[in-house]
Each structure stands twice: as C-alpha cells, then as structure tokens.
Amino acid sequence: MVNRVVTGAHYGLRDWLIQRITAVVMALYSVVLAGYLLLQPHLDYDAWTGLFSSQPMRTFTLLFLLSVFYHAWIGIRDIVMDYVKPAGVRLVIHVLVILVSLLYAIWAVQILWGF
Amino acid sequence: MKFKIYRYNPDTDTAPYMRDYELDIEAGDKMLLDAILLLKEQDDSLSLRKSCREGVCGSDAMNINGRNGLACITPLSSLKEPVTLRPLPGLPVIRDLIVDMTQFFKQYHSIKPYLINNDPPPETERLQSPAQRAHLNGLYECILCGCCSTACPSFWWNPDKFVGPAGLLQAYRFLADTRDHATSERLDDLEDPYRLFRCHTIMNCVDVCPKELNPTEAIGNIKDMMVKRIV
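Protein chains in written order, with our numbering: chain A, 1 to 115; chain B, 116 to 346.
Chain A on its own, in the form it takes in the complex (with noise of 0.2 Å):
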C-alpha cells in the first residue's frame, strides 16, 4: 500500500457545527437546571422525582444528555486522532466509545421513563 497522507474526509464541517449546537443545549439545561436548584428551598425525594416526572423535563433531560454523547464523541475522537497514530487502534477505539455512548444513551431513556 502507498502511504500517502490522506485528507478530504467531508465531515469537518458538520462535526464542528454539531459541536457548537450540542454546546448551546447543555449550556441552556444548565442554567435550567441551576435556577430551578436556587429557586427550590426544599429540595426532597418528592420535589425531585416531581421535577422529572413532567414529560418536557424528562424530554429536556433527554436531549441534554445526548448533546453530552454526542459533543463527548467528536472531543474524545479528536484526542484519539492526536494521540493514537495506528489507524487500526484508532478505529477500535471509535467504535467503543460510540458503542458505549449509545449504551449510556439507552439508559438514560430507561431511567428517565422507568419510573
């Protein structure tokens, strides 16, 4: 095989954009989450589970957490592309880390709904 350096892979753009966009939600249910902490004397089992037994926080809940994977995925992908130079390595690494995303992911659905 020639050993060429290879470029051109054509999600520069998209992981970027994606990156800044998963950034504003959990920016957005952190302060959320925040004032409702401050804004909340009495904070009990009860308040809690009261909080996210309300379909838009569970809803909200949701979509933060899959900004985290997501945004989680493309930072350590790109830590993994300066660290770890074999592709094959490389590749196995990506591959467990969306898998274990998408386990978290799957979970984050069963807490939230499981209740």
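Wrong hints could be hidden among the right ones.
Claimed, not checked - 30 Å max Cα-Cα, derived BS3-like pairs, lysine-lysine:
#1 221(B) - 85(A)
#2 85(A) - 338(B)
#3 227(B) - 85(A)
Unchecked claim - Only part of the chain B face toward chain A is listed, based on derived beta-carbon distances under 8 Å:
#4 275
#5 310
#6 338
#7 342
#8 343
#9 345
What the hints contain is simulated information worked out from the structure, not anything from laboratory work. Heads up, the beta-carbon is just placed ideally off N, CA and C, and yes, glycines get one too.
Starting from the known structure of chain A, arrange chain B on it as the hints suggest.
Relative to the frame of chain A, chain B by itself:
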C-alpha cells in the same frame, strides 16, 4: 548582555545544547539581530538565516525567550536576560537556529496560493472596487516567517495534515478575493476534520504574529463561509 543560544551541528554534535554568550552592548534602540550578528563575530560557527533586517523578508524568525518572533524587529531593550534563543519549535533543526521549513511550505502550497480565474484576461487588469480590495487588508501582509504555525500546538501534532495558521490565513486571502473563482473548490479542500478543523482556537498565532495579523479571525471567516454554504 547575557545570551543563551541553542547550538546543534549534526556533523559534530550528538545532541543539541545551550551555549552561554556575553556581549558588551548598550541596548539603546538596537534590535536583537544586531546583537546576534555581533555574537557571530565572536563565534562564526553560530548559524542563522537573515536577510532584509527590517521585518519584511521573514527569514530570522526564531524562538526568543520562549516566544516566536523576528530577531530584526525585536528591540534588545524589551528582552529579559539571559536572552534565550532557540530555533522555531516543531520543525526539524538543520543547524543551530536554522530549521527545515519544507513541511510549512508544503502546507502553504496545498491551499493553492494564487488567483484561480478562467475568464479571459482583460486588456488591462482585473478590477476591484475599493471596498472589495479592503477585504484583503490584514490578509495579504503575511510574510510567511512561520512564527504562527510553529507556535500552534495543533500544527506541532499534525504538521502533515493540518494546514496551520499561516496557510489558512492565505486560504482566506484567496477566498476573500472577488477576482478568484474557485471559492467552492477551496472550501471543499478544507472541509475535513484535519486541514481546517484541527484549529481549536488556541490563538498562539495571533499572539506571536510579528505583522499583527489575525489568522484565528480568518479561520473563523472560513468556517462562516462553510456554514453559509450549507444553510
């Protein structure tokens, strides 16, 4: 004044080392390059590149007290002693302060740093309005000294794949030029995870540029153009 200079001669040295120099010189309004040339009279084996000695040619870029800059426009009076001089980081050293810039220029050439316009040439010249011409300010002044790209951690990591701030500033210089007709091809060429998007907005390039240019802003403008193209 006291100096500490990186020395390496691949023919005689097994490893690079720092050598101390002392120079009896009044800083006054002299530049660092003046002092280095006097040191070279003491020790003529000291090697460096230099040419215009006024910040136009970009030959004498080096790492001065940990920061990339041009020796010829760095006032001696602005430097803390001992003045530590090293070659530009991240590029192979040929000898002493001379680095091999092949990789840097390869990236520069990869962005096609020339006008691409297949229209038949007009009788006189391709005209621009003053407003169109103004877009090139802050872009065309680059002297390709390499201070920015060799200060960029993303370029240190992936010099073969990431174009680097100098190359990307020039990429935008041609994207911003109304006389250039290859906008779409140029954007296609940069739209991958390495060539443009390895920039993580560290902004060392802006910090060190001896011409006070802003590659980070140019990179942001290229990203804007790409986003406009898809929405």
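Status of the hints after comparison with the structure:
Proposed proximity of residue 221(B) and residue 85(A) is supported: the alpha carbons are some 21 Å apart, at most 30 Å. Straight-line distance between C-alpha atoms of residue 85(A) and residue 338(B) comes to about 27 Å, which keeps the hinted pair within the 30 Å bound. Taken as a hint, the residue 227(B) and residue 85(A) pair is honoured in the structure, with Cα atoms around 28 Å apart against an allowance of 30 Å. Evaluation of the residue 275(B) hint against chain A yields a held restraint, the C-beta minimum of about 5 Å falling below 8 Å.
Given the 8 Å rule on beta carbons, the hint for residue 310(B) holds: about 5 Å separates it from the nearest Cβ of chain A. Because the smallest distance between the Cβ of residue 338(B) and any Cβ of chain A comes to about 7 Å, under 8 Å, the interface hint for this residue holds. Given hint, residue 342(B) at the interface with chain A, holds; its Cβ is 6 Å from that chain's nearest Cβ, closer than 8 Å. Nearest Cβ of chain A to the Cβ of residue 343(B): about 11 Å, over the 8 Å cut. The hint is violated.
With its C-beta approaching chain A no nearer than about 7 Å, residue 345(B) sits inside the 8 Å limit, and its interface hint holds.
In terms of the numbered hints stated before, the structure departs from hint 8 and from no other.
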